[in-house]
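Novice: Chains as they are written, first to last, in the UniProt record's numbering: chain A, 1 to 398; chain B, 1 to 309.
It should be emphasised that the hints constitute simulated quantities derived from the structure, not laboratory data.
Wrong hints could be hidden among the right ones.
[Claimed, not checked] Pairs of lysine to any residue residues, derived as SDA-like cross-links and limited to a Cα-Cα distance of at most 25 Å, are as follows:
{"#": "1", "chain 1": "B", "residue 1": "Lys65", "chain 2": "A", "residue 2": "Thr396"}
{"#": "2", "chain 1": "A", "residue 1": "Lys160", "chain 2": "A", "residue 2": "Glu37"}
{"#": "3", "chain 1": "A", "residue 1": "Lys362", "chain 2": "B", "residue 2": "Val225"}
[Claimed, not checked] The calculated label-pair distances, taken between Cβ atoms and stated as ranges, are:
{"#": "4", "chain 1": "B", "residue 1": "Leu125", "chain 2": "A", "residue 2": "Ala64", "range": "21 to 31 Å"}
{"#": "5", "chain 1": "B", "residue 1": "Met137", "chain 2": "A", "residue 2": "Tyr105", "range": "34 to 44 Å"}
{"#": "6", "chain 1": "B", "residue 1": "Leu288", "chain 2": "A", "residue 2": "Lys320", "range": "35 to 45 Å"}
{"#": "7", "chain 1": "A", "residue 1": "Thr161", "chain 2": "B", "residue 2": "Met137", "range": "28 to 38 Å"}
We treat Cβ as the ideally placed atom computed from N, Cα and C, and that holds for glycine.
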Amino acid sequence: MTGTIALVLAATGCGGGSAPDKVTSITALDYYTDEPEHSQWGEILTSCGKSAGVRVEQTSVPGASLIPKVLQQASSRTLPDLLMLDNPDLQQIAQTGALTPLDQYGIDSSGFAKGILSAGTYDGKVYGLAPYVSTIALFYNKDMLAKAGVSVPRTWDELKTAAARLTRPGRYGMAVDANATFEGTWQFLPFLWSNGGDEKRLDTPQAARALQLWVDLVKSGSMSKSVLNWTQADVHDQFVAGRTAMMINGPWRIPALDTDKNLHWGVAPIPVPRTGQTPVTPLGGEVWTVPQNASKARQQKAAQVLACLNNSSTMLALAKQHFTVPSRTTVAARYAEQVPSMAAFAKSVEAARARTSELGVKWPKAATGIYTAIQSALTGEQTPEEALRHAQQIATSN
Amino acid sequence: MRSRSRRVTDPCSRERLAQWMFLAPAGAYLLLFFGYPIVKNVVMSFQQYTTTTFYTGDAPFVGLKNYAMILTSDLFPKALVTTLLFTAGSLCGQFVMGLAFALFFQRRFPLGGVLRSLLLLPWLLPLVVSGATWRWMLDPDTGVVNAALRHLHLSPSGVPWLTGTSQALVSVILINIWIGIPFNTAILYGGLQDIPTHLYEAAKLDGAGPLASFRHVTWPLLRPVVSVALVLGVVYTVKVLDIILVVTGGGPANATETLATQSYELSFQQFEFGRGAAMSNVLIVISLAFALVYLRAGRRARNVDEAIS
Chain A
1 MTGTIALVLA
11 ATGCGGGSAP
21 DKVTSITALD
31 YYTDEPEHSQ
41 WGEILTSCGK
51 SAGVRVEQTS
61 VPGASLIPKV
71 LQQASSRTLP
81 DLLMLDNPDL
91 QQIAQTGALT
101 PLDQYGIDSS
111 GFAKGILSAG
121 TYDGKVYGLA
131 PYVSTIALFY
141 NKDMLAKAGV
151 SVPRTWDELK
161 TAAARLTRPG
171 RYGMAVDANA
181 TFEGTWQFLP
191 FLWSNGGDEK
201 RLDTPQAARA
211 LQLWVDLVKS
221 GSMSKSVLNW
231 TQADVHDQFV
241 AGRTAMMING
251 PWRIPALDTD
261 KNLHWGVAPI
271 PVPRTGQTPV
281 TPLGGEVWTV
291 PQNASKARQQ
301 KAAQVLACLN
311 NSSTMLALAK
321 QHFTVPSRTT
331 VAARYAEQVP
341 SMAAFAKSVE
351 AARARTSELG
361 VKWPKAATGI
371 YTAIQSALTG
381 EQTPEEALRH
391 AQQIATSN
Chain B
1 MRSRSRRVTD
11 PCSRERLAQW
21 MFLAPAGAYL
31 LLFFGYPIVK
41 NVVMSFQQYT
51 TTTFYTGDAP
61 FVGLKNYAMI
71 LTSDLFPKAL
81 VTTLLFTAGS
91 LCGQFVMGLA
101 FALFFQRRFP
111 LGGVLRSLLL
121 LPWLLPLVVS
131 GATWRWMLDP
141 DTGVVNAALR
151 HLHLSPSGVP
161 WLTGTSQALV
171 SVILINIWIG
181 IPFNTAILYG
191 GLQDIPTHLY
201 EAAKLDGAGP
211 LASFRHVTWP
221 LLRPVVSVAL
231 VLGVVYTVKV
241 LDIILVVTGG
251 GPANATETLA
261 TQSYELSFQQ
271 FEFGRGAAMS
281 NVLIVISLAF
291 ALVYLRAGRR
301 ARNVDEAIS
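Chain A on its own, in the form it takes in the complex (with noise of 0.2 Å):
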């Protein structure tokens, strides 16, 4: 009786509290685990939360793994106070009511390309901003073009040419990620979209036209049929080893290349069907979101954090940090005078169109889709057209 006494007075104690503390800290929670990523990332976190007056805790985990994670503390209701997303998932995660809409805050959307900011749009409402964003363009090895006398390929026609004249023995001319995932479906947008194909119907001639160049270029040995089973990654690996004279790839990828000297690169804009024509790529880049929080408190000074990174100066800074394109078209046009080599995506950036843009959380179906048939006929299981027959049936499927 006396112990069970205590144990309530204890727990009467315990249930007083205290007054609520001001916020001097809140978490961060981002994919950025490489270094030296991970470490820019912290340092810009650091000085962001400095200016709002919080220590801001980085919490870095695998690209794979960020979704589980994001799920899993929804579920539990431990969101960090700062969340960063590939930007095709932030339908997906705004759809669960997870996020908060950031003009709650206050915060300035405006100077910002149409195109990145449906990326972080649901709904009619801004969830995300994205700092800065990328997109993939054609990488060609400036000696192995000289030396077999071709110039850089502008339309789909001279691709496959020059493609097949760089191709001999241990070298193909071409390479790009096939790849059964949405990395595989990301690398063939700018195919389809540039010849007029779009995801809201796949079963189209424009979309199977553009699948027959990747075909065709198969077919006729000038790219390796393993663009099967590679990611943007294995692809790059071909390209430093000299096995492949072009490839599809993106700026994250220009540190490595930089490393090895004898490497003499060049980009250029991804070829178009037609000469004159202006290609149309997807948009990559993390938007960062402030999830919904029981301390208003905090919600604020993630948000200011957030404002923030996407300021011009940080924006700017960013960029050339991680040759990226900044988010604002000001800040863009400025940084394409300072970083000449990275003038090329921020030509591209302007005209990118987000992934999610058109058919928001029915995005993954569609790009499910696309990359199954890019395999079907990759493999020559399927014609294109019949491949993407298949794929509108799997887009559209409940």
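Using the hints, position chain B against chain A.
Specialist: Only chain B this time, still in chain A's reference frame:
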């Protein structure tokens, strides 16, 4: 009289209570870590369980819709056939090779024990390491396997081990055979050790050669061990996920997609947890069906033995 009756009854009830108390921790563990997940999985397969469910907790029941969706999808029959081919192919290869090695090591020769130990290595390697190494070796352009074939002029253009739709399935089956040989060898070798040597001596006296000895002495006595190896093999192989994910990712063009990889992709790539759960339950039913067939066959065999004796 009274004291006697007390002594008689107390030990029984105490002993029984003690038995239950010893069982309780194990029972609780099983319920918590096996029972709960299984029940949760079954329930989930009847719900529309998506990313939103994680935040809101709303998971509306949709009856048999999840099962209808997966069973009627284009990919299901293909994945089912692939699973069966993968399992059957792996088991045949593993068993034949395992038995051959077991018989080989039954003989005594210098360093026999060392070689037998080395044979266990594939079992000890993490599957991701094995898979990645085999993937590198089988690369159509730069892998050592095709390099060897070209060098020997057996195939000038090389075999598309990982990029051909028919070759890719063969590749993962061969890799899984390589991984499963140690397990089969170890079990079968143990079984061979249990066969008395005097039976072989008696057979020899009757003029039996190696083949006849195997057929009439080794095989009948080894059969119980064979059953164990095959049953465990089926249960392990039908749900293989990691090797396939690492080597081919279920590709190319879904050529190596199995029920297990489909379940994984539905849940963790497409975030259709209800359908992923339904697919995994189909897999469980298949395993259970096989287990029941095995138990029934075992019982029938036992009845025959009893009738003879």
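Novice: Evaluate each hint against the coordinates.
Specialist: Taking the hints in turn, this is what the structure says about them:
At most 25 Å may separate the alpha-carbon atoms for a hinted pair to count; Lys65 of chain B and Thr396 of chain A meet this at roughly 17 Å. For the hint pairing Lys160 of chain A with Glu37 of chain A, the CA-to-CA distance comes to about 36 Å; that exceeds 25 Å, so the pair is violated. With a C-alpha separation of about 52 Å, the suggested pairing of Lys362 of chain A with Val225 of chain B is violated against the 25 Å cut-off. Checked against the hint of 21 to 31 Å, the C-beta distance between Leu125 of chain B and Ala64 of chain A comes to roughly 22 Å, which is consistent with it.
Between Met137 of chain B and Tyr105 of chain A the beta carbons are some 54 Å apart, a value that contradicts the proposed interval 34 to 44 Å. Take Leu288 of chain B and Lys320 of chain A: their Cβ atoms lie about 60 Å apart, and the range 35 to 45 Å is violated. Here the CB-CB span from Thr161 of chain A to Met137 of chain B is close to 35 Å, well matched to the stated 28 to 38 Å.
Violation of the numbered hints given earlier is confined to hints 2, 3, 5, 6; the remaining hints are satisfied by the structure.
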